[in-house]
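Enquirer: Here's the letter readout for the chains.
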Amino acid sequence: MNSAPRRVRIPRELHPVAWWIWAIGLATAASCTSNPLLLASLVAVAWIVVVSCRSDGFWSRSFKLYLWLGLIVIVIRILFRIVLGGVDDGHILFRLPEIPLPDWAAGIRLFGAVSRESLLAGLYDGMRLAALLIAVGAANALANPKRLMKSLPPALYEIGTAMVVAISVIPQLADSATRVKAAQDLRGGPPGRVRGLRRLLVPILEDAFERSLALAAGMDTRGYGRTAGVTGAQRRATGALMLTGLLGVCVGIYAFLDLTAPRWLATPMLAGGVALALLGFILAGRRVGRSRYRPDRWRLPELVVAGSGVLTGAIGWSVARWEPTIAHPGVTSMPEISMLALCGLLVAIVPLFAAPPPLTAAGRARRADLERTVDERERTVDDLEGSRS
Amino acid sequence: MIELRTISFGYDDGTVLDGIDLTVEDGELMLLAGPTGVGKSTLLGVVAGLVPNYSGGTLRGDVLLDGESIIERPARERAHVIGYVGQNPAAWFVTDTVEEELAYGMEQLGLPASTMRRRVEETLDLLGIAELRHRDLRTLSGGQQQRVAIGAVLTCHPRLLVLDEPTSALDPTAAEEVLATITRLVHDLGVSVLIAEHRLERVVPFADRMCLLQRDGSVLVGEPAEVLAEAPIAPPIVELGRIAGWSPLPLTVRDARRRSVELRRRLTPPAAFASSPTGEPSVVAQRLVVAHGRDVALREVSMRLHPGRVTALMGRNGSGKSTLMWTLQGRLRRTSGTLAVAGADTHELKKDGRRERVGLVPQTAADLLYLETVAEECEAADVSAGAATGAGGASEGAAGRCRALLESMAPGIDDAMHPRDLSEGQRLALAVAIVLTAQPPVLLLDEPTRGLDYPAKAALTRALRALAADGHAVLVATHDVEFVAGVADDVVVLAEGEVVSDGPVREVVAESPAFAPQVMKVLGPEWLQVREVADALAGSA
Numbered sequence: 001m002n003s004a005p006r007r008v009r010i011p012r013e014l015h016p017v018a019w020w021i022w023a024i025g026l027a028t029a030a031s032c033t034s035n036p037l038l039l040a041s042l043v044a045v046a047w048i049v050v051v052s053c054r055s056d057g058f059w060s061r062s063f064k065l066y067l068w069l070g071l072i073v074i075v076i077r078i079l080f081r082i083v084l085g086g087v088d089d090g091h092i093l094f095r096l097p098e099i100p101l102p103d104w105a106a107g108i109r110l111f112g113a114v115s116r117e118s119l120l121a122g123l124y125d126g127m128r129l130a131a132l133l134i135a136v137g138a139a140n141a142l143a144n145p146k147r148l149m150k151s152l153p154p155a156l157y158e159i160g161t162a163m164v165v166a167i168s169v170i171p172q173l174a175d176s177a178t179r180v181k182a183a184q185d186l187r188g189g190p191p192g193r194v195r196g197l198r199r200l201l202v203p204i205l206e207d208a209f210e211r212s213l214a215l216a217a218g219m220d221t222r223g224y225g226r227t228a229g230v231t232g233a234q235r236r237a238t239g240a241l242m243l244t245g246l247l248g249v250c251v252g253i254y255a256f257l258d259l260t261a262p263r264w265l266a267t268p269m270l271a272g273g274v275a276l277a278l279l280g281f282i283l284a285g286r287r288v289g290r291s292r293y294r295p296d297r298w299r300l301p302e303l304v305v306a307g308s309g310v311l312t313g314a315i316g317w318s319v320a321r322w323e324p325t326i327a328h329p330g331v332t333s334m335p336e337i338s339m340l341a342l343c344g345l346l347v348a349i350v351p352l353f354a355a356p357p358p359l360t361a362a363g364r365a366r367r368a369d370l371e372r373t374v375d376e377r378e379r380t381v382d383d384l385e386g387s388r389s
Numbered sequence: 001m002i003e004l005r006t007i008s009f010g011y012d013d014g015t016v017l018d019g020i021d022l023t024v025e026d027g028e029l030m031l032l033a034g035p036t037g038v039g040k041s042t043l044l045g046v047v048a049g050l051v052p053n054y055s056g057g058t059l060r061g062d063v064l065l066d067g068e069s070i071i072e073r074p075a076r077e078r079a080h081v082i083g084y085v086g087q088n089p090a091a092w093f094v095t096d097t098v099e100e101e102l103a104y105g106m107e108q109l110g111l112p113a114s115t116m117r118r119r120v121e122e123t124l125d126l127l128g129i130a131e132l133r134h135r136d137l138r139t140l141s142g143g144q145q146q147r148v149a150i151g152a153v154l155t156c157h158p159r160l161l162v163l164d165e166p167t168s169a170l171d172p173t174a175a176e177e178v179l180a181t182i183t184r185l186v187h188d189l190g191v192s193v194l195i196a197e198h199r200l201e202r203v204v205p206f207a208d209r210m211c212l213l214q215r216d217g218s219v220l221v222g223e224p225a226e227v228l229a230e231a232p233i234a235p236p237i238v239e240l241g242r243i244a245g246w247s248p249l250p251l252t253v254r255d256a257r258r259r260s261v262e263l264r265r266r267l268t269p270p271a272a273f274a275s276s277p278t279g280e281p282s283v284v285a286q287r288l289v290v291a292h293g294r295d296v297a298l299r300e301v302s303m304r305l306h307p308g309r310v311t312a313l314m315g316r317n318g319s320g321k322s323t324l325m326w327t328l329q330g331r332l333r334r335t336s337g338t339l340a341v342a343g344a345d346t347h348e349l350k351k352d353g354r355r356e357r358v359g360l361v362p363q364t365a366a367d368l369l370y371l372e373t374v375a376e377e378c379e380a381a382d383v384s385a386g387a388a389t390g391a392g393g394a395s396e397g398a399a400g401r402c403r404a405l406l407e408s409m410a411p412g413i414d415d416a417m418h419p420r421d422l423s424e425g426q427r428l429a430l431a432v433a434i435v436l437t438a439q440p441p442v443l444l445l446d447e448p449t450r451g452l453d454y455p456a457k458a459a460l461t462r463a464l465r466a467l468a469a470d471g472h473a474v475l476v477a478t479h480d481v482e483f484v485a486g487v488a489d490d491v492v493v494l495a496e497g498e499v500v501s502d503g504p505v506r507e508v509v510a511e512s513p514a515f516a517p518q519v520m521k522v523l524g525p526e527w528l529q530v531r532e533v534a535d536a537l538a539g540s541a
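These protein sequences, in sequence, are chains A and B. Yeah, the first sequence ends on 389 if you go by the UniProt record's numbering, and it's all consecutive. Yeah, the second sequence ends on 541 if you go by the UniProt record's numbering, and it's all consecutive.
These are calculated hints, taken from the structure and not from any lab test. Keep in mind the model is a prediction, meaning the values are calculated, not measured. All the given hints hold, so there is nothing to weed out.
Heads up, incomplete: computed chain B residues facing chain A, CB under 8 Å, no partners named:
#, residue
1, R76
2, Q108
3, K351
4, R355
5, L368
Where a beta carbon is used, it is the ideal one built from N, C-alpha and C, also for glycine.
Full structure from sequences and hints, please.
Expert: So, in structure tokens, the structure goes:
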């Protein structure tokens, strides 16, 4: 009976920022290469991780959409090559009748010969874009958007709240649209598109307006926006700090990228701007009399997942830098994969083992069952002991 | 602890509250009652700090908390003392799971994380919603949502709980649950409660004191039994007490039952007339099965509606009442079963054809309305009805029909009023009139009694009886047992999409304690309404 207790991984949600870092790493790697084998493997890695690590929230179901979007991007890229990309060199696969264009459109050809090389170039290009999209899609499916908003620094709390509310309004609008449509069918009405639209819009907008007023009142009665003794002057000071800081950052970035701008505008401005904005953040954060219920904390799995993303991105970049034939094999030769690239893929799949099991309704039910059985067993043991004594 | 001093509130064109003085003591359950539109919600808003910030208008007077004036403080600065739960909790939810909603208020107050964790667990247990903790708020039933909304303000440990009609949208059992929860809070935690409610019969037994708002903007405060002796609005049990001349008035079924021994001896039960339906039924539905995706909403429901009879459709929230209505109307597709409304299957018909056979008034009657004045709404209804019957020009066939219907149900509505400015009862009457303009033989109403006070419900009862007398077959979905006792000939009770009982109103409600009206509980199964008792007494005298 005495078996060693098996190590149990506690299901929980991973910090959404960790997922985003991982996905951005994947996207970086994807943007550094046009090797179809690498791109396809990256998409496969994203897919496997999403399928095994996503929870059962509504956002988790969005991944399929991104897969379709990727496919559509690839198809469009290839079609464009066929429509516009008539070339005479390379291996011609088939010829379409070319449509003659007037002189002013010189340089553009419609249809004509289609070569294997141009199709492959279109395919590779499309795959790169698709891989980028799918990496973003993976982040969307894995990271709870509402928790992401909540991880914003306190200074951006208001913006975060506004976005959370906006997210929740969309399904409500859809609900009220169906309801009003059904209701309006119950009474006949003057035909005509404009008046028909009005019949739907007026009740829906009235409903939405009432709802938002109710929500605002609800948030107000629950204490949203309590000032906690901050004076107007303090508020204005933080606001000014943030604005000046952000302005400085903008100027700095511009000067940094535009090499003709005076150098003293570049790094010093950037640094100064960041410092001012940070100061503003900290001041604003200090005046917030708010706390967080069960905040997401950075623990080992978060660090591993984020690290695997960063490492994948770095490896992708180094492959492009030092092994250009692997990263961009061109359309004439067979693409290959190097040891380094393979390492990058392996690193990207680490979340599969590092991330905690996702929270799902089924998992919760199982846990509740488990607790109940444990309770009952304990009770039986207690009863037995009670009867013995 | 909280004291309102000469509170006056009004808009430019009229006064809503006029010089109101009201005190709520520590640990007291104060019931706020009054006819619709008299300003109950406004008064609660004043206490919570939402009026005039969210309503406009001018507010005068003072609100004192333990002797300190708080009238200048906005609602958010009162959140730690006063917990406010609005009329439609679903619209007030800020987050999307139960647990986060419970924590939201505490986050705003900046409580430490460990305190929040502890209070969330305690509140989940206190309200009996522990198993719902991870659920999406929108998937909860009405009663569960209401309890979560109460829990969400309770976690901040307010000293006063302000509740605006917490049970108006709930079925009798869910309403009992919520009220039981509230009384438990009063008794166990010593929270003061200020509660506004239409259906007094449910709350009066629990109330310590009662505040009656009157049409002229003044209040009457006192023991519930004293206040109700004079009140224009009264639950059936109080009306019964008035007729029988009991003093003090009984407030609970138990009181009345003990008091009624002598009355019962005096009364001769009315002749048991079993009115059975005659003639051809307008609606014959057999073994209807309807599914939303994989969830089966109706399981082999069979029912008949006869012209000249009002049938009440009862059952918990989510038992399939609305689904059945929309299926009879023809919008929802059924998986199997047959349906004949005036000889035709409505699902096969076009929209116009459906309208001529079935009129349905949906749960939110306002969804039907989209024009600026009552007159325009009526005209639009006439035009479409005229066009549908093909009676020549635009409105010849039906000119003025809608307006006449409206006048017969709710006389004296100004043509130039905006539909949104009408009272709940008037707006409902307008929606019914619009739907009836197409002259359907069958009328379906989905929860029409929501938000109606006793006079408005009495008006609705009269209107529905008149429609039935005209030969309409009427089906009303409702939770209100007293309304059912007054209006219905037959009752159908649904549970989980199945018909659990079906028959004449007396038999069905007599079988079930949850659905029995108060008069029946007091005097026995022969009696349904106060009116019958009054008639019997008048006859014997």
